[in-house]
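Can you make the complete structure from the sequences, with help from the hints?
Protein chains in written order, with the working numbering: chain A, -11 to 442; chain B, 3 to 319.
Warning: the hint list may mix true and false statements.
[Stated by the list, open to error] Now the in silico label distances, taken between C-beta atoms and shown as ranges:
(1) Gln143/A - Ile249/B: 53 to 63 Å
(2) Leu149/B - Glu48/A: 13 to 23 Å
(3) Leu149/B - Tyr73/A: 16 to 26 Å
(4) Asn261/A - Val130/B: 27 to 37 Å
(5) Leu149/B - Gly154/A: 40 to 50 Å
(6) Glu110/A - Met40/B: 34 to 44 Å
[Stated by the list, open to error] With the C-beta cut set under 8 Å, the calculated list includes, among others, these residues of chain B facing chain A:
(7) Pro161
(8) Met168
(9) Gly170
(10) Ser172
(11) Phe280
(12) Ser282
(13) Thr283
Hint data in this document are derived by calculation from the structure and do not stem from the laboratory. Glycine residues also receive a C-beta, built at the ideal position from the N, C-alpha and C atoms.
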Amino acid sequence: MLLALVMVFTLAACGGGSGDGGGKNNSGSSSSPSSSSGNGGGGSAGDKPVTLRVLHWINEPVNKFMTDVFIPQFEQKYPNVKVEYTTVPSDDTYDQLMQTRINANDADIMAYRSAFVGAPQEWSPGAADPLWKQWADAGLIADLTNESFLSYYNQTDVENAVMYNGKAYGVNMGKVSFTGLYYNKEIFEKYNLQIPKTWDEFVNLLETLKSNGVTPLGFAGRDVWPFNLAVQGLQATIHDDQLEYIKGLWTGETKFTDPVAIEILEKAQVLMNYAHEGFMGLDYGTLPSVFASGQVAMVADGTWNAPTYASLNPDLKFGYFPIPGSNDPAKNANLAGKYDMTWMVVEKSPNKEWALKFLEEMSIPENYTAFVNAAGFLPNQDVKVESEFINEIMPYLGEFKLAWDQLFINRENVGQYASASSVHAEFLKPAGPIATAQELAALSQKDWDAAAPK
Amino acid sequence: MPPTWKRTEPAVLRDTEVYAMYPFGKGMARHLPFLLLMIPTALYVLFGFGPSLVTVVFSFTDATGIPGTEWHFIGWENYRTFFTASNADDQMKAIGRSLYFAFAVVLIQNAVALFVAVLLNRKLKGDVFYRATLFLPVVLGVTVSGLIWQLMFNPMGGPVQRILKMFGTSSNFFGSYEVAFDLIIFVQIWMYMSYSMTIFLAGLQSIPRDLYEAGYIDGAKGWTAFRHITYPMIAPAVTVNMLLSIIGALQTFDIIYVLTGGKFETSTLAWNVFAAAFGSTSADYGRASAIGMIQFVFVLIFAVTAMVYFRKREVEL
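Have a look at this one:
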């Protein structure tokens, strides 16, 4: 009993105070075990071998670029540094990896899934702090405002993506768009189809394909979020102003049961009805092969995956267009998306100096251009992108808008019909148990109201 | 009346008797067993009991997984939130699913295990091979088992889907609100059935053969023999299996994590503990500890009830 009490107090001290676990060195590739503790680091300490631990999620083109091009180049420039690049699947697995590693102070650089969005605003009282904000407030991620390499990036992009309380807490590597559909150009040519500019045209297109025995749409429903990309495409083109609608949800001016929201759910149902059989059981990792093999004419995916499609089937001719949710071509004319990965430096890392050098190297326009070309991102620097794919969709990127999940701020402890990104078309038939959009909207509104701040 | 023998201790102990009474020797060496036992005890307290106690403490705080943040005692707030917050309904549904999971797994797994154990108990050719093969799922682990069944239940051309197509239906399997949870139960049973089976087998093999012979003479064969001879005699094995499966089933979250990630209404209480502490938007150790304590209460109730009931049955024999 006494021993247990001692345990409790020891662990309590660790949790309650400002201490951390101390720098644990992953001795995967470094030969010297104590290389990183204690050297406050001047440039001349560069002789000590250092293992730089970088965390990232699985995104094949980017991972390949890092391991085959950038990291060897960096290690050649700084021979004493060995970079340990860890990748895991990009869903909850990566979030948990970030959490456990930052907890154990076992990482130097981490990629964050998006820009620093979602901080509670004055109109969203009681909303929970997103993880990045909790880390920034706790001083766990480094303040990079005064770093010289930040000046390589466009000022607006830096302001939009990584600023918080007047400080820059990361380096954002580019934008992606995901509210469109990849389409198989050969299939479209075969049936004389044009890119649809309105919803009615789109439904006609789906019908034509279906009547010719071609499966029109592919979704990776099992992971749910890939299907949600298409729903966000509908939201971006049907709402006049997504942010105003979201604020309205908080103040009560707008509701989940409004006609505009019902329209989105009903159109999502239409999409599901034209999807391939078993789409709710298909996982995101298998989706590219379904499209690349020509089993479906169009898939919902983000522009980050274009390099994957290109490499899977070099003969595949594909393009991308925004899902036309409304019947107004002007509203359907633009893609929406988000700022994608943001590199953050772990503040308490013993290798912080080298982490900053890593980011500096990455930000040099030459290297940055190579990265952006490999990743298929829209650049945050003023550089020319080679990708034919990106250049083709440039017309849709005239006004880059943020998609729904970047704007939405959720209430704490909200029930499942309004949780996370809040619009859950996957509850509707044929994917889920609820028959009509009205029913689902009512349930969502009920959950939302129940979670209202007191 | 026959004389009663009184046990008297001899005045002088012979050598062999000394060794019998003090196996570790006399003097300081007598304390050796206790000192040796301190090692596993310390390990258990340090890595098992201690953290459990810390969970109790954390459930009354707002501790988070963000290192360096202060935490405070907030009393019963976490428990209140669990039962009265706006997503309390979802939590109650999760509890319902935990109980459904536990009942289904315990009953079906043990029934199948007992059946298979009875089959294997006879002298079959290759029975060692059967036992080894049947035990393989236990050895494979959660991740591999999850992968196997994801491939089997692949809705785009996987083996089970093809069989279903021959009957004219199809299913989304792990992406389906209707069957995902039942499929998870199936995989859980598949994984751990042979664990129970091995325990039953051990129990069966300790039943003396002459009981069956005596019963046979009285006309007890097959099912009657099972009901009146086999089943009562393996009561201790039944108790063990029931306890293990109840406690295990109420705490399972790993197979849910691997197969569906808690989506499609497959979340249980244990899953909610994991999601609250290590989820993608939450590092709330306080709340996770509170949910863990509530889960502990359930496990305690069921385990104690089961233990009392089954031990009584054992004793009655």
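Practice prompt. Run the structure past the numbered hints and jot down the numbers of the failing ones, going up.
Written response: Of the numbered hints, 4, 6, 7, 8 and 9 do not hold.
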